[in-house]
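There are 2 protein chains.
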Amino acid sequence: MTENDIQVAVVGSIGIDTVETPKDKRVDILGGSSSFAAVAAAWFANVGLVGVVGTDFTDQYMDIYRNAGVDLAGLQVKEGQTFRWSGVYENNMNKRRTLSTELNVFQSFMPELPEAYKTAPFLFLGNISPDLQLHVLNQMNGSVFSLVDTMDLWINTARKDLDEVVKRVDMLTLNDAEARQYTGEDNIIKAAKMMLERGPAHVLIKKGEHGSILFSKEDTFLMSAFPIESLVDPTGAGDTFAGALIGALARSGSVSHETLREAIMYGNIIASFVVEDFSLNRLITLDMDQIEERASLFCDMICI
Amino acid sequence: MTENDIQVAVVGSIGIDTVETPKDKRVDILGGSSSFAAVAAAWFANVGLVGVVGTDFTDQYMDIYRNAGVDLAGLQVKEGQTFRWSGVYENNMNKRRTLSTELNVFQSFMPELPEAYKTAPFLFLGNISPDLQLHVLNQMNGSVFSLVDTMDLWINTARKDLDEVVKRVDMLTLNDAEARQYTGEDNIIKAAKMMLERGPAHVLIKKGEHGSILFSKEDTFLMSAFPIESLVDPTGAGDTFAGALIGALARSGSVSHETLREAIMYGNIIASFVVEDFSLNRLITLDMDQIEERASLFCDMICI
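These protein sequence lines map, in sequence, to chains A and B.
Going by numbering that gives the first Met the number 0, the first residue of the first sequence is number 0, and it counts up by one from there.
Going by numbering that gives the first Met the number 0, the first residue of the second sequence is number 0, and it counts up by one from there.
Calculated directly from the structure, the hints in this document are not laboratory data.
Each hint can be trusted.
Simulated DEER-style distance windows between Cβ atoms:
| id | chain 1 | residue 1 | chain 2 | residue 2 | range |
| --- | --- | --- | --- | --- | --- |
| 1 | A | D27 | B | R197 | 43 to 49 Å |
| 2 | A | S295 | B | V87 | 44 to 50 Å |
| 3 | A | G183 | B | A176 | 25 to 31 Å |
| 4 | A | E291 | B | S253 | 28 to 34 Å |
All C-beta atoms in this analysis are idealised placements derived from N, C-alpha and C, irrespective of residue type, glycine included.
Next up, chain A with everything else stripped away, as it sits in the complex (with noise of 0.2 Å):
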């Protein structure tokens, strides 16, 4: 493996948002589950971005992912608009409402890996639509370390594609209410062996402020989340989880029980942060001193 060599391969939306919460309100910010993830897990590793956008995309949403040094030789241009998402935050942040969708140009998404980017050793497959995730997995060669969120539609929608999935993915990753209605069963513990047994050697349940569980074959870690005073705007907090965490496991370059942890870690922080504005907009103006800083604060807020 060369300096450039993509290290974590990155696939979902890409979406321009507008955002509104109780106390402010952003018009056609960047968004899109894979733009949350590809810049979280660039803080850590050589990202490569699949997805796509329309001729709208313009190079304000562009520069966003070339400064933070994501590849975009996976990035598809369409003709037409990107994918459109309108919502507001309620209820002091814990209820999100979505106002519109616009599907656009990712309607017909067909994502299509560069060369470059199927040797990956480590792939974040962000919530599209099973049978597009199953599509990236047919492309990869060698061995992958694969991270695959999903999502209520999917398991209504989309039982038997994503099953196909669950059985191939190295770690799935859903929240608690997903987790108990993918399996029917309401204690997450006995939820999470249940997905265990149908492939995946990890499933990491999210469960937002409260932080996350990660069930292995052998070990379990309970995660809370950083504690966060200022919540700007949650969108994108768990795919920037994911992404951070998929790119500090790729830093450490091997998949163990302490690289898991600390990379749920990592994890753990970046998403404290993406939180904190609207949009990537905190993820941009952060400097590696202050993503350790909060590491360490977090690390003395947990030991016993």
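For chain A, the structure is supplied; the task is to place chain B on it using the hints.
Frame of chain A, contents of chain B only:
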């Protein structure tokens, strides 16, 4: 201090409960905040219990305290019936509905501490009315570390007395919803800081299955809950947590960031046992090896 000196005074309600869960039901079982707290604390220290029961409180109940080694000099037996509560857990245990409450002898409860309790170095004030909590605080001689629980009812109906209690206690514990309600602040970190400014050196926010957060003036400790696969009856989990915490703190003999963190860990562990059976059944069949084994397992689950 001699070997038999009371190290922890526990004051609160004692009840005879009828509890129904989606799978099972138990009639006339021992309950009440001080029952759970005292028996939990007694795993670690010499505990004296202050409470009131009626003449229906048979040896079947008394023996649970006695076998746990709880001192009963502070237990008042009054003509009449013991406090009775019945409730049902719905929605897979995450929703509790009260079916009936009969205050009985608890209605005129006036906690009076035996002389030997007044010099106890640690005190747990369970969730009784703030004026009774003040009455207990006024009886304590010398330097005591007090842990005080409260609830939404007192926040709504007895705020002035509650404010006075909060001013005087060392550690206030309440759940996240109550913290928001008491302060009017939705961000839990800001809410905790507001409460710290009102007097206590420590505020412990309980989040049920999501763990707890200890906020001290210069320290924050995030604790995930031990993951429970076989939840049978959540009644008393919070009081067990608080009781084991104060007991473990008393055993350590000092209050520092380190001893507090360890004590909270033991609170978490003992609470994880109590919910595995109805009433105090699981607590009285435990042994210290099981406690230490789970504590060790838990520590492995939270280390990075």
